[in-house]
Amino acid sequence: MTTLHTVNKSPFNSSAFDDCLGLAKSGSTVLLYEDGVYAATSGTKPADAIANTDGVTFAVLGPDLKARGVEGKIADGIKVVDYDGFVDLVAEHDKVHAWL
Amino acid sequence: MPIEVNGKSLEVDEEGYLANLNDWEPAVAEVMAKEEGLDLSDDHWEIINFLREYYEEYQIAPAVRVLTKAVGKKLGKEKGNSKYLYELFPYGPGKQACKYAGLPKPTGCV
Amino acid sequence: MAKKFMYMNTKAPYGSIYALESLEVVLIGAAFEQDVSLAFIDDGVYQLTKGQSTDGIGMKNFSPTYSALGDYDVNKIYVEKESLEERGLSLDDLQHLTWEDEDEDWAEKDSIRLVSRAELADVIDDQDVVLSF
Numbered sequence: 001m002t003t004l005h006t007v008n009k010s011p012f013n014s015s016a017f018d019d020c021l022g023l024a025k026s027g028s029t030v031l032l033y034e035d036g037v038y039a040a041t042s043g044t045k046p047a048d049a050i051a052n053t054d055g056v057t058f059a060v061l062g063p064d065l066k067a068r069g070v071e072g073k074i075a076d077g078i079k080v081v082d083y084d085g086f087v088d089l090v091a092e093h094d095k096v097h098a099w100l
Numbered sequence: 001m002p003i004e005v006n007g008k009s010l011e012v013d014e015e016g017y018l019a020n021l022n023d024w025e026p027a028v029a030e031v032m033a034k035e036e037g038l039d040l041s042d043d044h045w046e047i048i049n050f051l052r053e054y055y056e057e058y059q060i061a062p063a064v065r066v067l068t069k070a071v072g073k074k075l076g077k078e079k080g081n082s083k084y085l086y087e088l089f090p091y092g093p094g095k096q097a098c099k100y101a102g103l104p105k106p107t108g109c110v
Numbered sequence: 001m002a003k004k005f006m007y008m009n010t011k012a013p014y015g016s017i018y019a020l021e022s023l024e025v026v027l028i029g030a031a032f033e034q035d036v037s038l039a040f041i042d043d044g045v046y047q048l049t050k051g052q053s054t055d056g057i058g059m060k061n062f063s064p065t066y067s068a069l070g071d072y073d074v075n076k077i078y079v080e081k082e083s084l085e086e087r088g089l090s091l092d093d094l095q096h097l098t099w100e101d102e103d104e105d106w107a108e109k110d111s112i113r114l115v116s117r118a119e120l121a122d123v124i125d126d127q128d129v130v131l132s133f
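Residue numbers (the numbering used here), protein chains in the order written: chain R, 1 to 100; chain Z, 1 to 110; chain C, 1 to 133.
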């Protein structure tokens, strides 16, 4: 079973990101959107945690990065997707786990 | 009640402010002013255009105090005072001029 | 007599309504000519990032409005250093907010003051009213 995990809460303000990272299995994908995109910005503990997680693919929603003015701060190795890319990810995985 | 401008019907709120900022054209100000018995002079237009530029830059309609100060800085002390602005817009420079400019009611106005 | 009001901003913009609500309350409150300060801590520092562009998410970009605060005589804007650093940000990532001093021929002055948590605690302690968003 392949899983797409989605996180839309700031990693500094909610345990959703940490919980997700702790339970995401190798081969799954984590998509960060809305305030979740801050986890993908470089120079932060969440970005270090992403860099140290093997086997999990990380993606971030571009329009939410742009809205928040952090498009230029995205850490290496994280894929930026648009809304169509979000839909593709949902279609490519067996299920979606939306973290709260 | 929508207002009729150049053959188009434009939606306004219960106080007469345009519902959609993008509906604005100079004729909107002319129609609104005529309804309130006002002929728009170049002096009126100077303030209306000033407000539109202010909104474009800051995304808010300024409070009267802020408008007065900003007008004074840009157009000179003889225009940046309540007397001058209220003579142009007797219902209040904030409320009336913002309405003609197609902006929302200034934040903080009741 | 003017009271000292501080508005504490603690949430990121767009993900919740707090940031926009706070900004509106500040602008409305500014009409009452109190001594107003703003503080940005935790995710609140994200409200001030420059280059915000909301076309793709269908929400109003209210970040330009922070530049109008100077016109409203709101010119004490405290940004907490620890919160910035935890988020990999520096002052260069934030908008340059200024106000113009009418008494000094409209001289442009910086509004943002970078403070440590301990310094901010002292500023908060000195306030008459503190409102958190």
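Treat the hints loosely; a few may be bogus.
[Unchecked claim] Calculated from the model, a selection of chain C residues having no Cβ within reach of chain Z, i.e. all distances over 12 Å:
1. Val-26
2. Leu-27
3. Ile-57
4. Gly-88
5. Ile-112
6. Gln-127
[To be verified] A partial selection of chain Z residues facing chain C, derived with a Cβ cut-off under 7 Å:
7. Leu-38
8. Tyr-58
9. Thr-107
Derived by calculation from the structure, the hints in this document are not laboratory data. These figures come from a predicted structure and were not determined experimentally. Glycine included, each C-beta is placed from N, C-alpha and C at the ideal position.
Going through the hints against the structure:
Chain Z draws Val-26 of chain C into its interface by the beta-carbon criterion, the shortest separation being 10 Å against a cut-off of 12 Å. In this structure Leu-27 of chain C is not separated from chain Z by more than 12 Å, as the shortest Cβ-Cβ distance comes to only about 5 Å. With a least CB separation of 16 Å from chain Z, Ile-57 of chain C remains clear of the 12 Å interface cut-off, as annotated. Against chain Z, the non-interface label of Gly-88 of chain C holds: every CB pair exceeds 12 Å, the least being about 27 Å.
Every Cβ of chain Z is farther than 12 Å from the Cβ of Ile-112 of chain C; the closest lies at roughly 17 Å, confirming the non-interface assignment. With a cut of 12 Å on Cβ distances, Gln-127 of chain C stays outside the contact zone with chain Z, its closest approach being about 21 Å. Hint status for Leu-38 of chain Z: violated, given a least beta-carbon distance of 26 Å to chain C, over 7 Å. For Tyr-58 of chain Z, the interface hint holds, since its Cβ comes within 7 Å of a Cβ in chain C; the closest pair sits about 4 Å apart.
At a threshold of 7 Å, the smallest CB-CB gap from Thr-107 of chain Z to chain C is about 5 Å, leaving the interface hint in force.
Violated hints for the displayed structure, listed by number in ascending order: 1, 2, 7.
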